[in-house]
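There are 2 protein chains.
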Amino acid sequence: MKRTAFFISDGTGITAETLGQSLLAQFENITFTKLTKPYIDTPEKARAMVQQINAAAESDGIRPVIFDTLVNQEIRDILAKSNGFMIDIFSSFLAPLEHEFQSRSSYSVGKSHSISHNANYMQRIEAVNFALDNDDGARTRYYDKADLILIGVSRCGKTPTCLYMAMQFGIRAANYPLTEEDMENLQLTAALKKHKHKLFGLTIDPDRLAAIRNERKPNSRYSSFAQCEFEVREVEKMLRRENINFIDSTHFSVEEISAKILVEMGVERKFK
Amino acid sequence: MKRTAFFISDGTGITAETLGQSLLAQFENITFTKLTKPYIDTPEKARAMVQQINAAAESDGIRPVIFDTLVNQEIRDILAKSNGFMIDIFSSFLAPLEHEFQSRSSYSVGKSHSISHNANYMQRIEAVNFALDNDDGARTRYYDKADLILIGVSRCGKTPTCLYMAMQFGIRAANYPLTEEDMENLQLTAALKKHKHKLFGLTIDPDRLAAIRNERKPNSRYSSFAQCEFEVREVEKMLRRENINFIDSTHFSVEEISAKILVEMGVERKFK
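Going down the list, the protein sequences come from chains A and B. So for the first sequence, this note's numbering puts the first residue at 1; every next one is plus one. So for the second sequence, this note's numbering puts the first residue at 1; every next one is plus one.
So that you can see chain A by itself, here it is in the shape it has in the complex (with noise of 0.2 angstroms):
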């Protein structure tokens, strides 16, 4: 079965498209064609999406399911009227927190809420420069300014996990790669002894490795699976004899990797 899904908003969209993609995942047996329109907030733009959505309705035999965090109510009462299933999720919600915090919304008040962090955001930008400055072993000076340093073989997932904790968390990570001489030496290099606290290791499986690196360098030694396997096998190892938490990247997303880093790192989030 196949049916069209609809994250629509007047903002950025990432209420409704998060919240939905949660809600779509949960029936597996139904593929969806998922659509996420932001800045729906003109009468126009919203009968432009009726038209979209009732073509949709058209063309899949069945109506799409629409689900909207639009503040305005002639907008909502004119995507009210096309052929979707509407999930309004604010209307859902609000009443029951009105009543808890005895206290009127905004969205009670038809007054539309930008998601814009301005607070954080030179904690943001900072954490991301210092993710960017501090990526792939490039100084190993700043570490006692790192919230942690995620350790593991090249392209085993280090950048983007560190990347994705400064911008979601403003967390200020650092990343080594483990490279052969490190793995013969049998020990953390000096910088990394020194911060051992701060350390996290990332691991993966060694064919997902080799077919990562192929697409970087292919058919190199770099990125065969001999060499692969050995560096997973050596690292594991010494992470294990330096007793130093890791996991395994192979079947996480980087939101999944990072949220598990913290809780076991322990380290708090820098937005609240």
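Some hints could be false.
[To be verified] Here are some chain A residues the structure puts well away from chain B; computed CB gaps all over 12 angstroms:
hint	residue
1	Ser59
2	Glu184
3	Leu186
[Unchecked claim] DEER-style ranges, computed between Cβ atoms:
hint	chain 1	residue 1	chain 2	residue 2	range
4	A	Ala25	B	Ala138	35 to 45 angstroms
5	A	Ala138	B	Ser59	39 to 49 angstroms
6	B	Glu98	A	Asp60	14 to 24 angstroms
7	A	Gln73	B	Glu28	13 to 23 angstroms
8	B	Arg139	A	Asp41	29 to 39 angstroms
9	A	Asp207	B	Ala226	49 to 59 angstroms
10	A	Arg104	B	Glu100	29 to 39 angstroms
11	B	Ala138	A	Ala95	43 to 53 angstroms
12	B	Arg221	A	Glu184	41 to 51 angstroms
13	A	Phe225	B	Ile244	38 to 48 angstroms
14	B	Asp88	A	Asp41	25 to 35 angstroms
15	B	Arg139	A	Arg139	18 to 28 angstroms
I should point out that these hints are in silico values taken from the structure, not numbers from a laboratory. Just so we're clear, the structure is a prediction, and the values are computed from it rather than from any experiment. C-beta: ideal position from N, C-alpha, C; glycine also.
Given chain A, work out where chain B should sit, using these hints.
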């Protein structure tokens, strides 16, 4: 008024946190202490959560609000006994969706989902690598592979925006800093001209720009208000003359800027 809010999940907590934050933002007159608690996936962790919730209730003098996306019934039952006001996100929406889809959800059968996007993993890593390799005008010869190219003065927010678009949407975004040389030439460099349809401009308030630059190079000509003001004015003039769409990043979050760019450029997300 001050209250504690918990975002509790047996997964990353992203859905509970995203929706919870959006809902709480509608109550501007209340100050919330927000705590995200991912991977609450055992009865032991759930019981520890209950203690933390009850402690917050006691110290605040008012019960906390809890947004949860827990799938396991046993764990939800434990949390339900806390002194918190519980907003059970999944249960609110899955019943109507099950009815609409004529299908039972995994939730109903107590099966948890990870949000891992393994099908998209390679595409995502690739997009992040593209953003890193083509950051800050580092190279221009791969612009034919770019989905879009952000241009603007140094430190106006191009890099975080490109990284966010790569991470969240799999978009290959390059960025090129417009320098005094570009401004004096009064025209776009050949590499940019060739890909003019991919260009999008970012601009920024000169005051904010000076503050950001001062973090990097304090008390330099580069970070002086006069220099920032000159560069911003010249770049905006150039963008208007060349008829390139642009937005002012000053009052928007990276999420908002990214969503706006995709809408204005008509670029589709690569993840569905």
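Original post:
Taking the beta carbons of Ala138 (chain A) and Ser59 (chain B), is their distance inside 39 to 49 angstroms?
Top reply: holds, 44 angstroms
Original post:
Do Ala138 (chain B) and Ala95 (chain A) keep their Cβ atoms within the hinted range of 43 to 53 angstroms?
Top reply: Distance hint for Ala138 (chain B), Ala95 (chain A) holds at roughly 52 angstroms.
Original post:
Do the Cβ positions of Gln73 (chain A) and Glu28 (chain B) conform to the proposed distance bound of 13 to 23 angstroms?
Top reply: holds, 19 angstroms
Original post:
Within 18 to 28 angstroms or not, the Cβ separation of Arg139 (chain B) and Arg139 (chain A)?
Top reply: Check passed, 22 angstroms falls within 18 to 28 angstroms.
Original post:
Per the stated criterion, does the least C-beta distance between Glu184 (chain A) and chain B lie above 12 angstroms, as a non-interface residue requires?
Top reply: Holds, since 28 angstroms exceeds 12 angstroms.
Original post:
Looking at Leu186 (chain A) again, its CB stays over 12 angstroms from all of chain B?
Top reply: Per Cβ check, Leu186 (chain A) is outside 12 angstroms of chain B; nearest 30 angstroms; holds.
Original post:
Is it true that the C-beta distance of Arg221 (chain B) to Glu184 (chain A) lies inside 41 to 51 angstroms, as the hint says?
Top reply: holds, 48 angstroms
**OP:** Given the range 29 to 39 angstroms, decide if the beta-carbon distance of Arg104 (chain A) to Glu100 (chain B) lies inside it.
**Re:** holds, 31 angstroms
Original post:
Is the hinted range of 38 to 48 angstroms satisfied by the C-beta distance from Phe225 (chain A) to Ile244 (chain B)?
Top reply: holds, 47 angstroms
Original post:
Cβ-Cβ distance between Arg139 (chain B) and Asp41 (chain A): within 29 to 39 angstroms?
Top reply: At 38 angstroms between Cβs, range holds.
Original post:
Range hint 14 to 24 angstroms: satisfied by the CB atoms of Glu98 (chain B) and Asp60 (chain A)?
Top reply: holds, 19 angstroms
Original post:
Regarding Asp88 (chain B) and Asp41 (chain A), is the given constraint of 25 to 35 angstroms on their beta-carbon distance met?
Top reply: With Cβ atoms ~30 angstroms apart, the hint holds.
In terms of the numbered hints stated before, the structure departs from none.
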